[in-house]
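Participant: Next come the chains, spelled out residue by residue.
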Amino acid sequence: MSGGVRQLRGGTRSALSLNAALVYLFFYAPILLLIFYSFSDDDLVGRWGGFTLDWYRAFGRNDEVQSALSVSIRVALISTVVSVVLGTMAALALERYRFRGNRIFDALLYLPVIVPDVTMAVMMLLFFTWSIDVVNTSFGLSLGKGISTVALSHIAFSISFVSIVVRARLAGMTQTLEEAAQDLYASQWQAFRHVTLPLIMPGVIGGGLLALTLSLDDVVITQFAAGPGSTTLPVYVFGLIRRGVSPLINAVSVVMLAASVLLVLLSLLAQRARGGSVT
Amino acid sequence: MTAVQEQPKQLDETGDVVTPLLELANEKNKRRRGLLLALPAYIYIVLFFALPLIIVVVYSFATRTRTGGTDLSGWNIEAYEKLGEPIVRDILFRSLWLALITTVICLVVAYPFAYFLATRSPTVRNIMLVFVMIPFWSNFLVRNYAWRVLLGNDGPVSQLTEALGLGQTTILFTPTAVVLGLVYGFLPFMILPLYASIERLDWSLIEAGRDLGASGFQTFRKVTLPLSMPGIIAGCILVFVPSLGAYVTPEILGGAKTTLLGSYIVTQFLTARNWPVGASVSTVLMIVMLVAALTYFRSGGKNL
Amino acid sequence: MTAAVEIRGVTKRFDDVVAVDSVDLEIADGEFFALLGPSGCGKTTTLRMIAGLEFPTEGSIRIFGEEVGTLPPNKRPVNTVFQNYALFPHMSVLDNVSFGLRMKKVDKTDARAKSMKMIDLVQLGGMEGRKPSQLSGGQQQRVALARALVNEPKVLLLDEPLGALDLKLRQEMQTELKSLQRELGVSFVFVTHDQEEAMAMSDRIAVMHDGQLLQVGSPEEIYERPTNRFVADFIGQTNLIDATVEDDDHIILTNGTRLRAPSPHEPGTSVAMSLRPEAISIGPRGSVPDEHSATSLEGAVASVTYLGHAVDYSVKIGWIDLEVRGGATAGGQRFEAGDEVSVWWDRTSDWVVAD
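Just so you know, the sequences run in chain order A, B and C.
Read in the working numbering, the first sequence has 226 at position 226, and its numbers run on one by one without any break.
Read in the working numbering, the second sequence has 237 at position 237, and its numbers run on one by one without any break.
Read in the working numbering, the third sequence has 341 at position 341, and its numbers run on one by one without any break.
Honestly, I wouldn't trust all of these hints.
[As the list claims (entries may be wrong)] Only pairs whose alpha carbons sit at most 25 Å apart, straight line, appear in this in silico DSS-like list of lysine-lysine:
1. B:30 with C:104
2. C:154 with C:117
3. B:28 with C:75
Think of the hints as simulated: they come from the structure by calculation, not from any bench.
When you get a sec, could you build the whole thing from the sequences and use the hints?
Facilitator: Given below as structure tokens:
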């Protein structure tokens, strides 16, 4: 689209360019400065005191950080795998079949996306307190909150995001392709395996990366669903920040940031690799 | 499908297969298959989402005991009555006000940005979009923390203002810092839907507007703006809703005097131990979100 | 001989809508058969029921005598060329073509050899490694054909196979499809809304409207002897003149003119007389040859459209306008708007159709 109205006029054009430049400055300056100061050899977080890798070494040595990191990774992997499987199945059911209660399910599946974090956190706290109490008294157990309750709460919101992403992909894929496969002697399972699944793969991967990011991002829901020994990295870092900033947090933050950026790049690559049109 | 094959052939006198039962069986089979696929997620959402939701609503009608426990036996609306008290009301209005300011700032900054983005060539557009997506996907906590570092005493911003002779910057732990953090966090949520709706515009309409003698600004006001309204509504809801329930940002960048709804709810559960009040505020917040979401879907929005 | 496809009393209802209404149809082995009708007439649903993609609400479908109404699509000895081809976008041409054989667990080398042969047959040799998105519309169409034919179906089903191609390519593919079908001797059942395409390609045509099968016959029969107003109007161009049957040999037009036109309908039935524009002769007022006097009308030329190879006249005959196609040869007589003329036709060219 060159020419015509898409070509902006001089004054408008420079004003809009300036605005765009400022937006990018606003987006990236804080992140870049944070990375910069994470290499600073000074006990004050915002002051340059020469180059050092000490804070990253401290990150590697700090047992609490390491255990929080391992909890985060375990929770993220479990919740991603489970929510990808359940979310993809739900997306297929809603996009390709009609069944009893499909409308209620559809509406219900949107709710976790809409409900604010804090409310979701409260829901998890009350639910786990109540249900663990019920289970313990009826079976004489002494269960408590832990990694499993954190993972369960993450799955509860991730399923919805995965199913939305996969559904968008499925909706763009004509059902005729599946019919064509069946017309060519494929059973329903084979049609899914050889045609549907490869074609919705970018959606499945995208949904999975979203689930992974959400799990690694979450603070407040995790805080409410966690028990002793199940502190995730964001919850741990959040606790540290509330007590005061420190150069160690800078280093941990940069590591978390790098992980996020890596995930974005992976998702872009996944889309590029399988980006063919499906219609 | 197996059920279809197993269906016994029903012959009438002419030897023809009568198929109404077969079609029915096939239909039933498809429905069963759909339900089976949906069932695991369905059960999960009911058990770990719908049930907790109901429990929160139930707790909001309960009574706090003297020891900080919760008594579920006598239902009452005391927790909701507490929402009318000046302290809670102030928090409610402050949260609404800050969420509103955040939304307006985001809209004012994002609209020209999205418009500019939509008028670039496809290659430039894609690169620019990737650089919007990166902060969008980056860890939210870290991005808020970055501002804490920037705005801190002796931090880079303060150093800059001092060097310019403006004195120390003291906006950390003020509502201004919270709004800044919220704008920083949610600006991509405004840019993306706005871009999607502007990019989809029928540019020939705008050309027609110019052709009919309207000035650039008139065309914008009468044609572009109304046509991009779905994007504006979507973006505003996507920014307003999480701003209203924000917890991490005000905790990191706000001060003791700027308690917002999110922090208030958390305090009710973790320190004040008044679960019914916490549950009632959560319920109210949830209802606000539901109304917003319904508005969004009504306005024709689908993409989240 | 058993019919390739035998459809008996088939009805398909979607909720409250009757898409196909008790259709009976027999398609012979080796026949090129067209299901023709406007969109929404039930032709595609009929095809999908033969393929097994829909199950009939009532009735029976047999393929070479075997009841298939109970079978899912992957168990039926038919294959389909889908509208817009439905090629698998993530597979190469070869993988697309060999898909059916792979699903049938045909030996891998065999499947490959057969597929390559079929790719050659549709003139795509050397393109087997390409993705569908790297092919032109016509090439995609050939892949779709090869993908279906490689399985040696007993009947090939084609859903608007040429609909997505431009005119020139469409005409080429018409000839090609026809010769391919002759070569293979397999029954082709194809769905189209384009009556010229149906005429050009098919041995027989079934015309459908509103879920009902209106007429089945050769292109000539359908064109020259339509059984009702819809078929007459849908196939080609025609003048339909409202009339009432007087006796076995005569009808009376709405203005009272009595014309000789034999019809099988009861006296008093309201009918329409179908007259193809090219079957009508035009001449100066009063120049009607004697033998045509019982099949002529008088009027005035209302408008003239020059087409190059012919001239179309619109002739006002009192209460109706008749479309008349006259020759445009240099020596031929030409008329202008306002000329008083007579029109007449051969006794065998008019045709009375039921309302």
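Participant: Next step is simple, just say for each hint if it's right about the structure.
Facilitator: Checked hints:
For the proposed pair residue 30 (chain B) and residue 104 (chain C), the alpha carbon gap of about 24 Å is at most 25 Å, so the pair holds. Our distance criterion of 25 Å between C-alpha atoms is met by residue 154 (chain C) and residue 117 (chain C), whose separation comes to about 19 Å. Distance check on the hinted pair: residue 28 (chain B) and residue 75 (chain C) sit about 20 Å apart at the alpha-carbon level, within 25 Å; holds.
The structure agrees with every numbered hint stated previously.
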